[in-house]
Amino acid sequence: MVKRLLIATIVAIGPFVAAAQGLITGHITDARSGESLIGASVIVKSDKGLGVVTDADGNFSLRTKKEAPLTLRVEYVGYRPQDVDVYDFDEPIDIALIDNSNKLDEVVIVGYGTQKRTQLTGSVTTVSQDVLNSNVLPTADALLAGSVAGVQVTTSGQPGSGSSIRIRGGNSISANNDPLYVIDGFLYYKESGTLDTGERGTGISGGISPLSLINPQDIESIEVLKDVSATAIYGSRGANGVIIITTKKAKRDGTNIKYNYQLTYAAPSKKLSVLNATEWARYQKQYFYNKGGYTDDQIEALGAGTDWQDAVLRSVVSHSHNLTISSGDEKTRFLFGANIVDQKGIVLNTGFNRSALRLNVDRKLTERLTIETALNVSRNKQDGLTTTTGVSFNSSPYQGGITNSLTYALLMPPVVSIYKADGSYNYTNPYEYAYFAMGDIAANPVSDLENSVAQSIDDDIIGNASLNYEIIPGLTGKASIGFDIDNLTQNYFAPHYTALGLANGGTGSIAKRRLETWQTEFTLNYRRNFGKHHQLDALIGYTYQTSNRTFLTGSSSKYTDESLKHNNLSGGSQFAAPLSGESSSNLHSLIGRVNYTLLDRYNATATFRADRSSRFSHNHNWGVFPSLGLSWNVDQERFLKSLGWLSSLKLRASVGTVGNQEIGDYQYSTAYTTSTTGGNVHYTKSNAANSNLKWETTVSANIGLDASFLQDRISVTLEYYHKKTLDLLLTVPVDVAKYGVSSQLQNIGNVVNRGFEVSLDFTPIRNKQLLWNIQGNLGYNKNEVTSLGDYDELNVNSYTILRKGESVGSFYGLVFDGVVQADEDISKLPTQNGSRPKVGQEKFRDINGDGKVNEFDRVILGHSHPDITYGLSSSLKYGRFDAFIQFLGTANGQIYNSLRRTLESPTDCYNVSSVILDSWTAATPSTTYPAVTDVRPYSYIDSRFVEDSNYFKLKTLTLGYTIPLRFIKTDIHLTATATNLFTITDYKGYEPEIQSGVDRGDYPASRNFTVGVELLF
Amino acid sequence: MRKIDKFLAIAILASGFSGVATSCSSDNNDEANTIQTGSESLTDEQALALADNALFEYYHKAFGLSFIVETFTSKTHSFEGPESADGPLISRHELTPTNVYFVNRWYNKNSAVSNANEAIEKITAATGVSEQIKKEAIARAKLARALGYHVLVRLWGEVPLYTSSNGDTKTRASIDDIYTQIVKDLEEAAEGLPTTASLPSVPTKAAAYGLLSRVYLDWGSNPLTYDQVNAIKDQTSDPAPSYTASRLEKAVEYANKVTGYQLNSSFASIWGKDNEATKDEKILTFVHDGDAVGTGNHQVHCSWTFGFNVEQENHLSPAQDSFLAAWDKADTRRDVSYIDELYDASGDTIAKFKAPITLPRYGKFVDRGSEGPGECYKLNDLDRVELRYAEVLLNKAEALVLLGRADEAKAPINQIRQRAYGDNAHNLATVTLDDVKREWGLEFVYEQKEWFNLARWKDVIKDLESVKDNEYFDDSYATAGNIGKNGKVVNEFFAKTYKHLHAKYDNRQGKYYRFPIPVGKSGESLGITPQNPGY
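As given, the protein sequences belong to chains A and B, one line each in that order. Counting in my numbering, the final residue of the first sequence is number 1066, and the numbers go up one at a time with none missing. Counting in my numbering, the final residue of the second sequence is number 564, and the numbers go up one at a time with none missing.
Rather than coming from a laboratory, the hints here were simulated on the basis of the structure. One or more of the hints may lead you astray.
Unchecked claim - Cut-off 27 angstroms, straight-line C-alpha distance, at most; resulting in silico cross-link-like pairs (DSSO-like, lysine-lysine): (1) K383/B with K334/A; (2) K478/B with K262/B; (3) K525/B with K334/A; (4) K466/B with K497/B; (5) K887/A with K517/B; (6) K381/B with K334/A; (7) K887/A with K213/B; (8) K334/A with K514/B; (9) K887/A with K514/B; (10) K787/A with K550/B; (11) K478/B with K497/B; (12) K887/A with K525/B; (13) K901/A with K525/B; (14) K94/A with K115/A; (15) K478/B with K340/A; (16) K340/A with K550/B; (17) K540/B with K497/B; (18) K340/A with K383/B.
Please read all numbers here as calculations on a predicted model, not as lab measurements.
Use the sequences and the hints to build the structure in full.
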């Protein structure tokens, strides 16, 4: 039985009714598991001496002479006493008791099993039930944000998009840093990126979240495994941490039906300030060519003009429905879930919807044999933005700062209208250059968003089935099979009048990817107590997982009829060669773990996993990942037992190795890309074989302290960790003449992550009427590249650098040194591109003092991942009223605000930030904003645009009230929730949560207000 | 696909926009994943595909070469992006090893060499290939290797000579050793290549011979060695030219071996989409399908970046217009090579690319046969002309003049002039080296010859000095808003033109007879020492 401390929830199922002055009957269960509790005592509070205990089925019957209403007191060892008001005696009473064990007695889910927290040696954090119960966001990523110390979650504003999740920093540079997800025992990994649907330089922005298939309301628990004692059982896939998601099962207490509906109003949380029509025309006339030919009077008459930003952003209403039907008895349990989400995005024509069904069934086939199954079928559809991509040729709109229709809208001149006089879209924009204008058609961002297609449809079936057989008492064998079959379709279409369709006379693609993963597991688990002092829990097993990925893309362009969009690719007159491909991988694993506990005090966990991965060559495909964890329940020692204020105290330490294999398939072998020219296929080497490619290994050590005080009213967890990733899977330069490529994935270099975490759980008030709980967590992580092999620095580009001694993701650029003023001695200033800067021009620091500012004067300007992440939440339950609030934030991280750099760069064709009005002039000599010119002295970045990403955000505020409807024996729970209500930050962009660390105009966050109603039958 | 896959020994993986094929392997198997060079069996098609990989690498990104060999002269400037961007830096003669155009050219040509080496080794060792195809495929690979090294040696001088998969990639070989290898490759290629082909994109013996004439002309003009460049690296005067007669005679000999080709009847008919498969004059071309499929020819794009927008600064443009004004109006090449005014069908002017707003555009790669103004500059799918017969004629003419046989040079050079003027009235009665140089300049505008020619002629510094006589070198153009020498208000375009012209002049130094050995793509040192003089 899995027991868990339910911190803030008092679950009392059903109205408490009994026959007046007569027989009171009822049934008492464990609140979490639904198991009947045998021997629980039930007394009438005002009638001392009158009491009974529950029978073997958890039932009781109690005769009283008192009249209703009265209060029953229910008590059971290991559970919190509970008072239940009884209003009449007509119906039996169902009472669910809450585990009263302290936090260390909690049983948590770990890899391939469960473990009592008292015996745990690793760092395992369970996401609070408050967070799970209060969530109104449609994907599970959001549950982790601010909830677990040391877990940094950077969410996306785009509905349905995935979050960037880092547990204790990123270990790797070239391999993936995403954690491993284990969903009901199935090891789940899926890339969130999009396919190559568009033609060169175009595509679909964002990507559908790998976790979108799971309805968050189906989730029973989320465990985050952080240290090596906990993750080593996942061996080569454990280095980035493991997130175990367990979905709900029915309780064994009959039938429950739950339905809830949520309505969400979302609005943009922020707008960027750009020039209005009058301001822009005046600025054009003053500094550029006055292409509009406006007189001063006409300029004044222009007024605000078109607010393009307002035109592409919107307020929306979304809906979600969720139905759960569960039923269980002593032998069989089933849970059926159905979920429909229709979430609109705050950018025109974007959104996400999901239809999902879940069926979890388990049954005791015999006394010793149990079968468990879980099946989730979902369709997830995301309408995103068409986007340009980071191509490097200079005529790319991307180079001009345009990444999608949203950023383009910001740049649209406000003197250009959205619609013509006849109400049709206006495709005339005399200011646009060749980026997004062709012949007599100029792109219109509103039309782009309305008429382009950037759709991802993900059909996913994930399921597993397992047989558990108790061979002898204590020895259990388990065989399971699991699968995930995922079909992703991406539809892309840009008509000839849209930004991305101009160059090719309209272009469209359909890309399909099928990802099929199968997993089999065979484990033997032996649990036994030897005498009073020795407890043993041993596990051995073999698992096998195989994945197969296929894809197919078809594209065409230049249509005679675009009305059917991507549904008629054959209507194009130009066809790109179809793309197809397939890759496979597999992983054989042997696992073993021994937990030993002595005197309920001293715990040891030895874990072992050996993986054989097809992603590495023959000589290196086996990896062995051991770990050892020790813990000491100090509170059980005699010298502490007398301390009444100390509820529990435990010290933990672990050391071991885990690995990372998320590099894609076939990276150890030579690979070629193909292209077709003149009808002939050409092969270009894209990867040179490296038969020495091996695992990236993270050696990790962790020490932790768990303590609780004052009858568990205060709980504290402290952790310190040090992780060193060796043999980095790092893409390093190689000699092109020898290898035919310029770089190759090799095992070179080290990255160190070290830090500490603090978690606090405080219950100021806990009584019959009021339960108030506060939780806080903070994680500090320092990331450092300690070796790059023979190199001191690599991957230097116009804004980042990988340098030994610095953090991964370091920004690299010049230091802005103000604006040249009229009274300055210009002859003493360093030259910029061969010339002395002029009065009014920006100047930069000559770091190396050689008298000229150039690439050698660049310095580290910050790094993208914050050193500090934190979360703070509080729940309160008072009678029928409940409330939950959660804050989160980060500190000491930076963002390169590329969008701001674009908006603050004067041009004669695009709108600009309002700060342009503060530019330097002789009359108003600004020291911050240089004089207006379209000459940009340097392509690499400078310190002005590397901004602190620190923020403090109110993530969720929920207020709830439960109304019992006795006449239909139903409870209604009404909720009102605000998400992303406010953000305190100095960051000047839309939103400081930028996954890549570079803000090129990411989908902005919305402020959401949700009302919900939940019916419990 | 599976055969290719097996032969290439590997999983062919999906990546990139340009297309991909993938093999599948359910498990790793080193025997199937190690390159086998001993006893692999190939089909004829696979052998040719392997060889073409090397050719493909050579030309695929060849457009970037324009930024070096056009922009690094007095004739062309680049206003691509901010002034600190790599194009304008070359235009201003401010060179660093990190300049992306050098990095990419180094990578691109060495990649071609690597692919060629791999192809030669594998095809040589393979069974199953017919002897005729084996010979032809190896010949194509050798031609690709020679093309790669000829660019490498001219841009960087002594580069590592890497002709097998186990060679030394760091030690710089002598100029003569590199040219010896190039000549050897091309001569062996000539033996293996077919005499004729249906398309100009298929290498023939004539392509090898024509390239040999090009290579021997360069080699015969005694390229500067490292020590020679080092000696003049700070000088502002050119070294004296010298020649090796025996090599020049080879240039003539191989030019004469190019048979079966003739000049197109009109100069205009060489260019444009409709003419790209015409073979008369084109001896070797490389196919570009356009940016939409990832193989765009940016000779098109960079010269006509913003189409009819006269106020936008193109990636590459003529740096001055005085030489255009002096062009003989009867020369039909002028209006093909430059666009300074466009008319619509009714004769009305659409755009004027002239001062005081802007300067003319290069016109050869503007597809004038396209359907409309919007399409003529975007598709980038014009094939690249690597070698045309006119070059063979000029190679021969130049070599003959240098050999003192100027009389014999009249015939080849006058063939070109006759086509250009449409009559014999402009034929030369005598031919000097200056006549040949001028003809190169008229015939091969913006065809990636300019700096290579100047280096061969030892005129690099002289060329840069010439900008001081340019209209826009005058200080009146220094600042936007001033009144220029032409009486017009100077706009930012001409202020920038002034800046670039002065930078070209100020930076004239002997070291610019070659370019800095670049860093690698990740900014790392390539470990090739010593760096070229002066960098």
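Verification of the supplied hints:
The suggested pairing of K383/B with K334/A holds, with an alpha-carbon distance near 23 angstroms, which does not exceed 27 angstroms. Among the hinted pairs, K478/B with K262/B is consistent with the structure: their alpha-carbon atoms are about 23 angstroms apart, no more than 27 angstroms. As the CA atoms of K525/B and K334/A are separated by approximately 21 angstroms, the hinted pair is consistent with the 27 angstroms bound. Distance hint between K466/B and K497/B is fulfilled; the C-alpha atoms sit about 20 angstroms from each other, no more than 27 angstroms.
Taking the CA atoms of K887/A and K517/B, the gap is near 24 angstroms; set against the 27 angstroms cutoff, the hint holds. With a CA separation close to 23 angstroms, the supplied pair K381/B and K334/A stays within the 27 angstroms bound. A hinted pair counts as satisfied when its Cα atoms are at most 27 angstroms apart, and K887/A with K213/B does not qualify at roughly 56 angstroms. For the proposed pair K334/A and K514/B, the alpha carbon gap of about 25 angstroms is at most 27 angstroms, so the pair holds.
This hinted pair checks out: K887/A and K514/B have alpha carbons roughly 23 angstroms apart, not beyond 27 angstroms. At roughly 15 angstroms between alpha-carbon atoms, K787/A and K550/B fall within 27 angstroms of each other, so this suggested pair holds. Our distance criterion of 27 angstroms between C-alpha atoms is met by K478/B and K497/B, whose separation comes to about 23 angstroms. Distance hint between K887/A and K525/B is fulfilled; the C-alpha atoms sit about 15 angstroms from each other, no more than 27 angstroms.
This hinted pair checks out: K901/A and K525/B have alpha carbons roughly 20 angstroms apart, not beyond 27 angstroms. For the given pair, K94/A sits about 11 angstroms from K115/A by alpha-carbon distance, which is consistent with the 27 angstroms threshold. Taking the CA atoms of K478/B and K340/A, the gap is near 39 angstroms; set against the 27 angstroms cutoff, the hint is violated. Between the alpha carbons of K340/A and K550/B the distance comes to roughly 41 angstroms, so the proposed pair goes past 27 angstroms and is violated.
Distance check on the hinted pair: K540/B and K497/B sit about 20 angstroms apart at the alpha-carbon level, within 27 angstroms; holds. For the given pair, K340/A sits about 19 angstroms from K383/B by alpha-carbon distance, which is consistent with the 27 angstroms threshold.
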